[in-house]
Amino acid sequence: ILNVEQSPQSLHVQEGDSTNFTCSFPSSNFYALHWYRWETAKSPEALFVMTLNGDEKKKGRISATLNTKEGYSYLYIKGSQPEDSATYLCASFSNFGNEKLTFGTGTRLTIIP
Amino acid sequence: NAGVTQTPKFRVLKTGQSMTLLCAQDMNHEYMYWYRQDPGMGLRLIHYSVGEGTTAKGEVPDGYNVSRLKKQNFLLGLESAAPSQTSVYFCASSTAPGSGSFYEQYFGPGTRLTVT
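The listed protein sequences correspond, in order, to chains A and B.
The opening residue of the first sequence carries number 1 in our numbering; numbering runs sequentially from there.
The opening residue of the second sequence carries number 1 in our numbering; numbering runs sequentially from there.
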């Protein structure tokens, strides 16, 4: 994988249901993986920064896992609420020393009340 | 503590005009970045800076210039605007590596630019 890829591109989920989506990134020279939450008409805000293989991070109903050997991360949302509606971006740092993130195109999540 | 601010918030330019977008941060961050966001393209890095007086090209630098004369400010210039530069521009800043943040980015509110 040369780029950061996210799937699905968009997702509609019933309020109360749980959901998850995927970020794939280059596994060679991996340094860090970021997840950002981006609400419409606002700017992206960091959810998680993950660096170690097997890392699991949690913030309220949202959690993320990281597999650096195979180059993927999952973001999970438990019991979706309308306020979870946003675009979720992942971004990868590889080749430490390049000082720049490569972003995926995001997963647009819409929670249906 | 304002975080990252951008001016202006909106601008309409005619083809060939020039303008400068200003990004300012008050978090004493070493690194600053300019991204553009286009539908279906995600965030693409235009230029970045790893410290006062330094700049480097990102993924889509053509048609843009930048300057970082002061640590807290990062300017993005369009010398001769083109319709292809119609976009939303985001500035971000982060601490340097080794500080434990692993480049966590703090974004400004964005500047919506239309070139006609």
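Keep in mind that the hints were calculated from the coordinates and are not lab data.
Among the clues, some could well be false.
Stated by the list, open to error - Label-pair restraints from in silico Cβ distances: (1) A:Gln-9 x B:Gly-16: 31 to 39 Å; (2) A:Asn-53 x B:Glu-59: 21 to 29 Å; (3) A:His-12 x B:Arg-112: 22 to 30 Å; (4) A:Ser-28 x B:Pro-61: 19 to 27 Å; (5) B:Thr-20 x A:Gly-16: 28 to 36 Å; (6) B:Arg-44 x A:His-12: 21 to 29 Å; (7) A:Asn-67 x B:Ser-84: 33 to 41 Å.
Said to hold, decoys possible - Covered stretches of chain B (in silico footprint by chain A; criterion: 3 or more residues with CB under 8 Å from a CB of chain A, positions within the stretch not fixed): (8) 7-16; (9) 60-73.
Note that beta-carbon positions come from the ideal geometry of N, C-alpha and C, so glycine has one too.
Structure-based check of each hint:
no., hint, result
1, A:Gln-9 x B:Gly-16: 31 to 39 Å, "36 Å, holds"
2, A:Asn-53 x B:Glu-59: 21 to 29 Å, "27 Å, holds"
3, A:His-12 x B:Arg-112: 22 to 30 Å, "27 Å, holds"
4, A:Ser-28 x B:Pro-61: 19 to 27 Å, "25 Å, holds"
5, B:Thr-20 x A:Gly-16: 28 to 36 Å, "48 Å, violated"
6, B:Arg-44 x A:His-12: 21 to 29 Å, "27 Å, holds"
7, A:Asn-67 x B:Ser-84: 33 to 41 Å, "38 Å, holds"
8, 7-16, "violated (count 0)"
9, 60-73, "violated (count 0)"
Hint compliance for this structure: hints 5, 8 and 9 are not met, and every other hint is.
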